[in-house]
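There are 4 protein chains.
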Amino acid sequence: MNSFGNLLRLTTFGESHGKAMGGVLDGMPPGIFIDPAIIRHHLSRRRPGSDPTSSQRRETDEFEILSGLDSEGYTLGTPIGFVVPNKDARPSDYAEYDGKFRLNHADYTYYKKYGRHEFAGGGRSSARETVSWVLAGSIVRQWLWKSRIAFDAHYIQTLDAAKAKAEGDSVGGIVTGKITGLPAGLGEPVFDKFHSRLAAAMMSINAVKAFEYGDGTRSARMKGSACADRFREPYDPLTPFASNHCGGVMGGITNGMEVNFNVYFKPTPTIMQPMETLDTEWHHAVIPPKGRHDACVAMRAVPVVEAMAALVTGDFVRLNQAYTPLDRYPEGYDPTKM
Amino acid sequence: MNSFGNLLRLTTFGESHGKAMGGVLDGMPPGIFIDPAIIRHHLSRRRPGSDPTSSQRRETDEFEILSGLDSEGYTLGTPIGFVVPNKDARPSDYAEYDGKFRLNHADYTYYKKYGRHEFAGGGRSSARETVSWVLAGSIVRQWLWKSRIAFDAHYIQTLDAAKAKAEGDSVGGIVTGKITGLPAGLGEPVFDKFHSRLAAAMMSINAVKAFEYGDGTRSARMKGSACADRFREPYDPLTPFASNHCGGVMGGITNGMEVNFNVYFKPTPTIMQPMETLDTEWHHAVIPPKGRHDACVAMRAVPVVEAMAALVTGDFVRLNQAYTPLDRYPEGYDPTKM
Amino acid sequence: MNSFGNLLRLTTFGESHGKAMGGVLDGMPPGIFIDPAIIRHHLSRRRPGSDPTSSQRRETDEFEILSGLDSEGYTLGTPIGFVVPNKDARPSDYAEYDGKFRLNHADYTYYKKYGRHEFAGGGRSSARETVSWVLAGSIVRQWLWKSRIAFDAHYIQTLDAAKAKAEGDSVGGIVTGKITGLPAGLGEPVFDKFHSRLAAAMMSINAVKAFEYGDGTRSARMKGSACADRFREPYDPLTPFASNHCGGVMGGITNGMEVNFNVYFKPTPTIMQPMETLDTEWHHAVIPPKGRHDACVAMRAVPVVEAMAALVTGDFVRLNQAYTPLDRYPEGYDPTKM
Amino acid sequence: MNSFGNLLRLTTFGESHGKAMGGVLDGMPPGIFIDPAIIRHHLSRRRPGSDPTSSQRRETDEFEILSGLDSEGYTLGTPIGFVVPNKDARPSDYAEYDGKFRLNHADYTYYKKYGRHEFAGGGRSSARETVSWVLAGSIVRQWLWKSRIAFDAHYIQTLDAAKAKAEGDSVGGIVTGKITGLPAGLGEPVFDKFHSRLAAAMMSINAVKAFEYGDGTRSARMKGSACADRFREPYDPLTPFASNHCGGVMGGITNGMEVNFNVYFKPTPTIMQPMETLDTEWHHAVIPPKGRHDACVAMRAVPVVEAMAALVTGDFVRLNQAYTPLDRYPEGYDPTKM
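Protein chains in written order, with my numbering: chain A, 44 to 381; chain B, 44 to 381; chain C, 44 to 381; chain D, 44 to 381.
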């Protein structure tokens, strides 16, 4: 259950303090040039350290793409395998945690589910996992950009991370995202609505507690007369509506307007204050304030939000091609030569 | 793409103004007694008409289960096929809509996606579809209730639907839900987190614009020291934590506490006021205030929220059994006899 | 696990002696005219009774399509739900079987798997199930015929069914099939090869014990120099090769030639001779020669083979559209308008 | 579409003459010791060179497991990522092939499907891919061996490979396989029969043209009275039947007997004789007899057959756990603690 997507599918592996993170991106079309410099740029935006409130773990995120590209960097249409070694993993930092459940982490639930748990660094539950998402997302973005589909997210500060970090505390935050350049028609009507998959993608990101799109939670306090999106007249297929209460999706299907959404993050659960908890013998235990963590995970999550939005969109683009009705093929198209 | 779930999977069919709604619920375990009276009860809670602000469409929701149960009403472990005829469909009511895109409905996006659209009643985009979800959900709930897993949702009023209806307007609303009796360990760590799937399920419901669980959107404005869930001491596996900021899910996996969440609904897009729009020739058009609709969809969505939560949970229960590690089998269990 | 296919997916339900068989065909493109007379024709070819060696069960196979078609019979692109009532089911015929495992039937394995079993008529293991496959396959064939893709199978007699029936015995047989009009390019390179899925489809049919395509089992006794398929010169994209040892598939992908294959059926396990077996108490038991069965299942399986080949092909056609590389779009195609 | 399996799923990547082969094995249970020496043993059986008729490509198949195992070699229940570098890839050997379609290879069909093709070494269509299958299969076998489920295949010679190689020719062959120690109950009744998935798995292996199980093709020439499998009396759940015409599967579900099957391979298409073909300009071309290939692929495929059988079986074991009916839980089992 470490795969995401149907026709464009990312499968990942790697524990936070193991040898490497990595994955396989399957379903990319052939003939797309992938620029490693753009991948490096996207990875650098996710990396801790550019801000004094971020984790002191220093990963260079050097990656290797092992397949799926020809010698000139164009996709072959075959699966793209990649690896990102973990170079600054220090499991010994976590020795004092061993066997103690960190609060609001996944330690307790993993232990209950699997009957065992790697307490060092959280294993698969660490946000280190998202390095693979950003890498794969960057590849997808370079494809979609050819059709001018773009992904743009920003961090919205709610509390001051620096002040909180000074007290050994952490803060939550919001990431607001938008997808531009989308054609109308992406998304499936019933269970695989565009915004359903987008919600699932965002809720996969560590520490996310809420998702909204368009008017979002405010909708619940609005009247129908106040949130109708009227058509522009004359009709313009590229920006068909005069307003965007619906957030670019109607009935689960994109309408050609910008898709916009917000993702709400809780504070980093690890704080630099002693934490009283239990150990695996169910005895009282105290976790000392130690380790390397971000005071606000939302900041670093910005490129992760963009990457997951790209994975969702790319999958729907492929799916939509599959369902192109015959009578909408362009003139001269001969399905016997498809 | 009209299926939901993996090991417990609902596949549905039916257009709002066609002959019937229906579906196939696949993956139910054998030997569970299914009481049709309980199904009728759940369906009755979804039916319009118990409130003056609801639609005047009168469907009795008589259903027929065609397979999957033995003569005494116990599941066979085979797929459960069911049909719910549409008896009060009046496509002629919609004659004036034909070829005109209703605002904030799926008319425009369906037309762009499929190159054609049934304007009468919305086809698959109508909330009539949810009758199949509630029916299937009721079956799943009867199974899960044997393990004391229960689903409970309530409507939270934000604006007065009656006052709004008097003005030909509509209102949004909130449905708050909880799942009780869950064992720890449900949910997959990375992409199929319990709350990811729950979010996707809720966002599949018509008119939903936001989803949150636990502290939800408020998390973004909290500090880490304020939202840690401490263990109860001594350890109690059935209610292990003294608070529930996390909403019953840690790292994507249930922790044995109640799962609680909120679902935000926009106002019904159809209102009893003339609506200016375009038609399929891209000419200006006006949709007269007519048809049968609810002033507030959130009210009727309460059993739909419960049903979708049940489908998500049942799927994870089955998945969890699949991944039971060998060393956690109860004593005396012999896998050669499984 | 009662679904077949990915983008074109059939989900079925129904026990042999229950109320009805039925299913949902999801993923059909919109705008295809479906002629019920053609469905009836395909169903009639599967029906027992046209031959004295076939079962005496008399089903008229009257079907009802409940969704997915507009009032003129054209597909909407929405899932097609259908029901075929069981009218000549006589569970009482099977009273003497109750609790006794019929030899080479699924009684024993179902009982071990589910802990219970409907001995009457075999439940889901009966070939009655294939009525839904033929119905769905007929719909798919009407779509694919628009691109001149056709399915044609024939029964090859190995032993005389009439002579065997006279002795209360049964015989095996072979069905040879071919698919014509296929474009080159269908099938996925590694695990979802065209012939892999075709094999799985054919092995799903009751009583099938072997599958081969192209030179098949004979290949194992051939030299490489004897089975190379040379190109026709000059190149003709519609029949590119001068021979067809490979059976129309190279490296898992269709090459534009006819796909041909053979399906081997074992004899009907039920014969009109007393059968010594065990019952669910593990005591010795005798099953008297009674019931309604075919002396040769292969004969009636001909339209089933065609239907399953159609389901496999239709799914790959959709999948192939999804993976159309951008540089192969026809001139003038604008993906922003897809 | 480079994934195989549902709950136990292998996803692979790598081109024959690229940097590395590799993959992700997802769904292994936690707590299983994986011995790298056993993996090396399985890989060595697949490696060319132990026989004078095999390819001269010399790969040491040194592999690295990057995740999913703890420091002592036990599975964590997380996905197992692995890489096998290509060390003896010599794309220059293939310079003379460039742009020329090798006969009965995938060159033509890949070119038609993707609009481009790596002629050097066949890319994803090469049997080099199977190194990942054997590696993953070895991990699965070490798990299943704990329940005494074992996989055993043998090569059956049909023609003498050495004599054929002396003439620059190649030969076909048969691999016969069996699975022992299986519990009754694996396999799904309708579309995911045990033997359907096994057939699909075997047909995924390069050069396979036919699959049969139990009495196989001979069944078509048998009478029902000659192929009934009678119970042993008294009943013995571990070997319940006195004969095994059915090949260990009844109605798609294992019956506890040995599963046996045959896989038929065509001759290696590349032979050391000049081959007349076309190039991508559709001009006549000749491929000179050059390159490194096996005279008989079936020999080396023996561990591949075992590995694919293991992947199929492991997936069904997990699936079967998911569907364990509640009333078959062992005494004392408390689902609230699962």
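These aren't lab readings, by the way, just hints derived from the structure by calculation.
Among the clues, some could well be false.
In this list, chains with the same sequence are indistinguishable; a pair is considered to hold if it fits within one copy or across any two.
SDA-like, lysine to any residue: derived pairs with alpha carbons at most 20 angstroms apart [to be verified]: (1) Lys130 x Ile108; (2) Lys130 x Glu102; (3) Lys130 x Glu107; (4) Lys62 x Pro332; (5) Lys62 x Pro128; (6) Lys62 x Ile77; (7) Lys206 x His326; (8) Lys143 x Thr323; (9) Lys206 x Ala328; (10) Lys266 x Arg159; (11) Lys143 x Lys266; (12) Lys62 x Glu107; (13) Lys130 x Trp325.
Q. Is it within, between, both, or neither for Lys130 and Glu107, if the alpha carbons may be no more than 20 angstroms apart?
A. both (14 angstroms within a copy, 16 angstroms between copies)
(Q) Within, between, both or neither: how does the pair Lys206, His326 come out at a Cα-Cα threshold of 20 angstroms? (A) neither (34 angstroms within a copy, 57 angstroms between copies)
Q: If the cutoff is 20 angstroms on CA atoms, where do Lys62 and Pro128 land: within, between, both or neither? Let me know, please.
A: both (6 angstroms within a copy, 16 angstroms between copies)
Q | Homomeric proximity label, Lys130 with Glu102: Cα distance no greater than 20 angstroms | A | The answer is within: 6 angstroms in one copy meets 20 angstroms, while 29 angstroms across copies does not.
**Q.** Intra- versus inter-subunit Cα pairing at 20 angstroms for Lys143 with Lys266
**A.** Intra 50 angstroms, inter 22 angstroms, cutoff 20 angstroms: neither.
Q: Classify it for me, Lys266 with Arg159: is the Cα-Cα distance of at most 20 angstroms met within a copy, between copies, both or neither?
A: Neither way: Lys266 and Arg159 sit 51 angstroms apart in one copy and 30 angstroms across, limit 20 angstroms.
Q: Please work out whether the CA atoms of Lys62 and Pro332 approach to 20 angstroms or closer within one copy, between two copies, in both situations, or in neither?
A: neither (26 angstroms within a copy, 44 angstroms between copies)
**Q.** Lys62 and Glu107: within-copy, between-copy, both or neither at 20 angstroms Cα
**A.** both (14 angstroms within a copy, 10 angstroms between copies)
Q: Tell me, please, which holds for Lys130 and Trp325 at an alpha-carbon limit of 20 angstroms: within, between, both or neither?
A: So Lys130 and Trp325 fail the 20 angstroms test inside a copy (34 angstroms) and across (51 angstroms) alike.
Q) Between the shortest in-copy and the shortest cross-copy C-alpha distance, which are at most 20 angstroms for Lys62 and Ile77: within, between, both, or neither? A) between (26 angstroms within a copy, 17 angstroms between copies)
Q: Could you figure out if Lys130 and Ile108 sit no more than 20 angstroms apart (CA to CA) within one copy, between two copies, both or neither?
A: Classified as both; 17 angstroms inside a copy, 16 angstroms across copies.
(Q) If the cut is 20 angstroms between Cα atoms, do Lys143 and Thr323 qualify within a copy, between copies, both or neither? (A) within (6 angstroms within a copy, 51 angstroms between copies)
Of the numbered hints stated above, those contradicted by the structure are hints 4, 7, 9, 10, 11 and 13, listed in ascending order.
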